[in-house]
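Trainee: Using the sequences and the accompanying hints, generate a full structural model.
Single-letter residue listing:
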Amino acid sequence: DSGVTQTPKHLITATGQRVTLRCSPRSGDLSVYWYQQSLDQGLQFLIQYYNGEERAKGNILERFSAQQFPDLHSELNLSSLELGDSALYFCASSVARAVSTDTQYFGPGTRLTVL
Amino acid sequence: AQSVTQPDIHITVSEGASLELRCNYSYGATPYLFWYVQSPGQGLQLLLKYFSGDTLVQGIKGFEAEFKRSQSSFNLRKPSVHWSDAAEYFCAVGILQGAQKLVFGQGTRLTINP
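So the protein sequences, as listed, match chains A and B. For the first sequence, position 67 matches number 67 in my numbering, and the numbering has no gaps at all. For the second sequence, position 57 matches number 172 in my numbering, and the numbering has no gaps at all.
Treat the hints as calculated values from the structure; they're not laboratory data. Predicted model, so just to flag it, every value in this text is computed and none were measured. Do not rely on the hints blindly, as some may be mistaken.
[As the list claims (entries may be wrong)] Sample of chain B residues facing chain A (criterion: CB under 8 Å; computed from the structure):
#1 Leu161
#2 Leu217
#3 Gly222
[What the hints assert, rightly or not] Which chain B residues stay away from chain A? Per the calculated CB distances, all over 10 Å, these:
#4 Gln157
#5 Asp169
#6 Glu181
#7 Asn190
#8 Asp200
#9 Ala201
#10 Leu211
#11 Gln215
#12 Arg224
Here a beta-carbon is modelled for each residue, glycine too, at the ideal position from N, C-alpha and C.
Mentor: Structure below.
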């Protein structure tokens, strides 16, 4: 158990809908990262927040957005969903703020299925 | 562009046999390299990482990896695998210049034969 929690575990929705994925980092970690894992794209870094501020941005679509709240939990919002958005979405956390060098602790993921 | 290549999509080894998983990276600067493992239904867990210094890095669960700059490689090894090592293994490189991020390879799925 990494200490990172993600809810929900599974999510099934329809095209065009909007969903919110939630992540609680390990106690004491200030950075939260979001990743998408799909069969065709592999594991891709989406975005990082550090202590409430956006820190680094990866291959995140404009239809997707994220935020980190004062209690350090984070939410990833996916809107206008398409079939291709079906994937496993991971959250990770770390103590410091360097996405490139920090040891990241991953949650169990949220599996999103868009029908 | 920065990239990580794991040439083997799937590897099968017998329990007790030695293991080597290959990883090649493409990055112009000094690389920060990682190996993560993903067990079925789980998130990723860090096995080991290399930043600088000794090019042979020891990790958890008896794994080690060797950084070879001349070959742009960071191969993962274990002298004797256990059935519990069956999982997916990901190599990653940390990008520090420009848009910082962690770039993962496509992964290698390891199956252990009893």
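Trainee: Which numbered hints turn out to be false for this structure?
Mentor: Numbers 4, 10, 11, in rising order.
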